[in-house]
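J.: All chains should be modelled from the sequences, with the hints used to inform the complete structure.
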Amino acid sequence: MTYQPDRSQYPNKKADGSLDIDLKSGKFLKLWQGPQHPGITGNMSVELTVCGDEVVEGITHVGYLHRGFEKLMERRTFIQCFPIVCRICVPEPDFNEYCYAAAVEELAGIEAPEYANWIRTLILEMGRINSYLMYCGGQAGSFGMGVISQWTTYVRDLMLDRFEELTGARIYHMFILPGGVRDRLPEGFAQRMEETLCEIESTMSDVYNTMYCNAVFKKRSVGVGVIDIDLMDAYGVTGPNARAGGVAKDVRKDQPYLVYPELDFEPILGQDSDIYTRADIRRQDLLQSVDLVRQILAKMPEDGSLMAKIPSVMHWKIPRGETYIRGECSRGEYGYYLVTDGSGYPRRVNVRGPSYTHAMALLERMIVNLNIADVAGLMVSLHTYPPEIER
Amino acid sequence: MKEELEKRIIKGPDGLEFEVEPLRDYYCEAPPTVMPAAYSKIVEDLFNWARSESIWILGFGTGCGAIEMRPLMTPRFDAYRFGVQWRPTPRQSNLFVISGYLSVKTLKRVIRSYEQMQNPKYVVGLGSCTINGGMYWDSYNTIKRLDQYLPVDLYIAGCMPRPEALLQGFADLKKLIRSGKAEGANEYAEKFEWYKANQKKVINDWDMPDYNW
Amino acid sequence: MQFEWIQIPYALLTLSIIINFGLLMNAFVAKIGARVGRRVGIPIYQNYIDLIKNYGLRSSITHGVMFYLGPVFRLTGGIGLLMFVPTIYGSVMFSNFSFAGDLILALYFIFFGTLGMALGAGESGHPHAAIGVSRGLSQVTMAELPLALAVFSIALQYNTLSVTEIVAAQQGGVLNWTLFTNPLAVVAAMLSFLGSVMRPPFDVVLAPQEIPIGPPTEYHSSYLALMQTNRVIFPIAKMVIFMNLFFGGADNWPVFFVKIFMIYMFAVFIGVVFPRFRVEQSIRWFLIWAVPIGILAVIVV
Amino acid sequence: MHELYTKLKQYFPLGELIEQRDNLAFITLKQEQLRPVILHLRDKENYTHLVLLTAVDWLEDNIFQLTYLLSNRANATDIGLRVMISRDSASMESIHDIWPTAATYQRELREMFGIDFPDSPRVNDDFILEGWNDIPPYRRDFDTLKYSEQTFSQRPGRETKDPAEHMKQKLYPDGA
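From first to last, the protein sequence lines stand for chains A, B, C and D.
Under this note's numbering, think of the first position of the first sequence as 224, with each following residue one higher.
Under this note's numbering, think of the first position of the second sequence as 326, with each following residue one higher.
Under this note's numbering, think of the first position of the third sequence as 1388, with each following residue one higher.
Under this note's numbering, think of the first position of the fourth sequence as 34, with each following residue one higher.
A portion of the hints provided could be inaccurate.
[Stated by the list, open to error] Simulated DEER-style distance windows between Cβ atoms:
#	chain 1	residue 1	chain 2	residue 2	range
1	C	1495	B	331	41 to 47 Å
2	A	413	C	1411	58 to 64 Å
3	A	452	B	522	53 to 59 Å
4	C	1675	B	340	45 to 51 Å
5	D	46	B	335	55 to 61 Å
6	C	1652	B	358	45 to 51 Å
[Stated by the list, open to error] So these bits of chain B aren't anywhere near chain C, every CB distance computed over 12 Å:
#	residue
7	394
8	479
9	487
10	501
11	506
12	520
13	521
14	523
15	526
16	530
Just so you know, the hints here were simulated from the structure itself, not pulled from any lab data.
Predicted model only: the values in this text are computed from it and were never measured.
By construction, the Cβ of each residue, glycine as well, lies at the ideal position given by its N, Cα and C atoms.
T.: Laid out in structure tokens, this is it:
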């Protein structure tokens, strides 16, 4: 017996495809989910029009976090841009640093040393673990299971300790700069990292037992928020959201960068493309990242050069050119489009955050006919993060 | 003005027609007033002590500082020990942590949320960007001084401030409250005109009433 | 039972004991939740401070008459429930105003607060409150159904509608408890209890992530403090009934505290590691699991 | 990449090809060629993923460069289609019917650069900014520092130094 809601009162489509919502009829209710709302991923908002308990239209509003990075970077020299890029995306700032550094290196014709590339990969994978841990807590929290986020945030704190040890900062590391990285691994890092990874694995097995095996969690998430396979390309779905639908999009495999060719891993694929599958893909990705960090620490060279030779940063001019650098961050394809014009400043930087498509066009499409109670769960399961939409 | 803010006549499901005017119905028409402290000093001291030991933060992550809020409430730092906890609605919160830079668009929401909070209420500015713009000193979309728009009790400097700094900030705020110096709400009521003028100077499309609590 | 003036101070004494016990128990429960999350959690006296603070806030705004009355109704529901059932069996001091048909009155009071809350929250005009109320009413109605069935079953079993007599019938050993004499009714009632204490998986009414935080969204300062007081009294009052009906009552305070605590822990331990059901899912859950058991209990008796 | 370029050249008049990397190339196009080329690339050449759509302001030449970056996952290559449009009353054909997600990019461009995309859904709604009444901020002639100094009150005491000058003085105090 499947539940079929009565949708006879729902608004009709107008000729131009928009919905004929007459607020005067009293049949519909405008409901703002956000920006001051605990069930929203960061500072954004969804303007819901609801009929009964179901959403008939959802419009995403962003821009609450707009700082104008792309403009600010046009006023800063190439090296001055480096400390601000990480501020674009808080949970996983390292991708900004890497993509920006790689774009500058490519246009300036610099090659980062091998050892620096290993450290970069290590940092990116550590950041990915952090981001997924944050996600797990958020996904459980969106269904009212606060205890998971307590556990995962605790182990995330342990990971932040490793970051602090390596880079000196918890959140904004400012470690990967054009030309290389700032420092080498501290003494005994690998061993302490191993302890942290073991802790993460044991916590994730607890999380698996309490959250993924939980009947109520399954009831809320299985079959809800399905992304059809033919929407994948039309809406530019990337990362775990695509992999949960069986599309093996993974930049680490498709266009390997840094030292990923030397690491041994396979993209994890799902089938059903619903909230549960996406959550499960991310859990497995997390464990894969744990494995990758182990591989990196085992395979990386003992020591090496940290920085390539870069020109004096005060007189650093890069000839005219444009490029696009992408990487696979925890939410999907993260990319930097950099245009230079021969001066000491970038001409134009454009950041392509995966949430740009996930949280805007895709969410607005998927939110229709969803129960109000599931909106938060859907948003979290798309793993959107507003600062990378508006920058 | 947005469509849902317009005055309209609604026909209810029972056939009854009634008029809705959101800008009047949902808002209060009186400006905020200065609320005096309790008559007796002992009672006020007791209340101040209770206020300082039970700080309810509004769950509104306005900027990137919000990411350090989660570690703050979880095992490592566990601010619950100090009577700090989240409330999801402004009506029930006492402390507004402005977690980082405020874009003009967010400022508008922040003002609304702030005004819905009940007296006495406190504001903590988190991060350098609330003090003088910080990293975004030349940005066209972020405000540079929070105290021009809201009465700020305390700033916590850093980009981003560590949870330890936040805990210290709470401890300092408690001292302020206990000594009766955290009267931001009354200050806001006293200098209401000045704050409103400042707010309207940066918020170009002001489509809410002046008083909205 | 004859009314005597001395009952009023006695009832107030009961009330104050219950409030203090409730505040401490809630803090203790929060601490247990925190321990599961590997935290230290709030201090044990935190709820007192919160209460003082909320009563001590300077400003409070109103949305209309019902907005005032909502918390009052709710508190009335809690206190009324407590006042008309005997707290301690066999004690003149703490048997309150119980009378022959108090079971029916108690059933009524359980629902009374929710209705008052619905009116008050509706008056606040906040859409989240309205959604919360509609969810809350449908879920509470559904959760009350098995309870009502269980109560009928017990009333049939003991042939009385007086709580005192039901407790009296259960004296003389653990095996005389309704828990063992009519287990089906107890199961149905305990399932219903899960649905009405607003803990996961049945707390979609107050879900902060979806409708922050449902009916009390607009409530603040003293209104909220009233509701907090009620949140302390009401579950305990309800558990007093459960204790009296199913677990043999209590003839002194220590037994009372232990029994109440155990009943509450049942809901807490289930709640702490569960996400929440959507409202139509929880209704279906009650229909499929709890109601048939309740009906069975009535039939078997 | 050359292969694809010559193949495309048979059907469409194309501008120059810039090969940035083995798997990334930029092709300059005429404004009216964009839609057929995109459709061809998407349907025949499997460039099904629109990575990004953005603009570059070449103020000196009085043109906007629109970059449509398409990706082909099967052979892991990207093509950037560059379209130059005039800066005065800038307007461009919308491609939201090819990729629905392009509507978001077009809204952003409309707001931040002032490039119009007629028929794109909700293109004139506020996207990021709210109540903006200056020239679109991503245009080169918009001075963000001046705007922020005029609009927002600054806290006194903050010093701002031109980094290049400042570093020069620090490193070479003698003025060498």
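J.: Now, for every hint given, state plainly whether the structure supports it.
T.: Outcome of the hint check:
no. : hint                       : in the structure
1   : C:1495 / B:331: 41 to 47 Å : 44 Å, holds
2   : A:413 / C:1411: 58 to 64 Å : 48 Å, violated
3   : A:452 / B:522: 53 to 59 Å  : 55 Å, holds
4   : C:1675 / B:340: 45 to 51 Å : 37 Å, violated
5   : D:46 / B:335: 55 to 61 Å   : 58 Å, holds
6   : C:1652 / B:358: 45 to 51 Å : 47 Å, holds
7   : 394                        : 14 Å, holds
8   : 479                        : 19 Å, holds
9   : 487                        : 19 Å, holds
10  : 501                        : 16 Å, holds
11  : 506                        : 16 Å, holds
12  : 520                        : 17 Å, holds
13  : 521                        : 19 Å, holds
14  : 523                        : 23 Å, holds
15  : 526                        : 27 Å, holds
16  : 530                        : 23 Å, holds
Hints 2 and 4, counting from the list given before, are not met by this structure.
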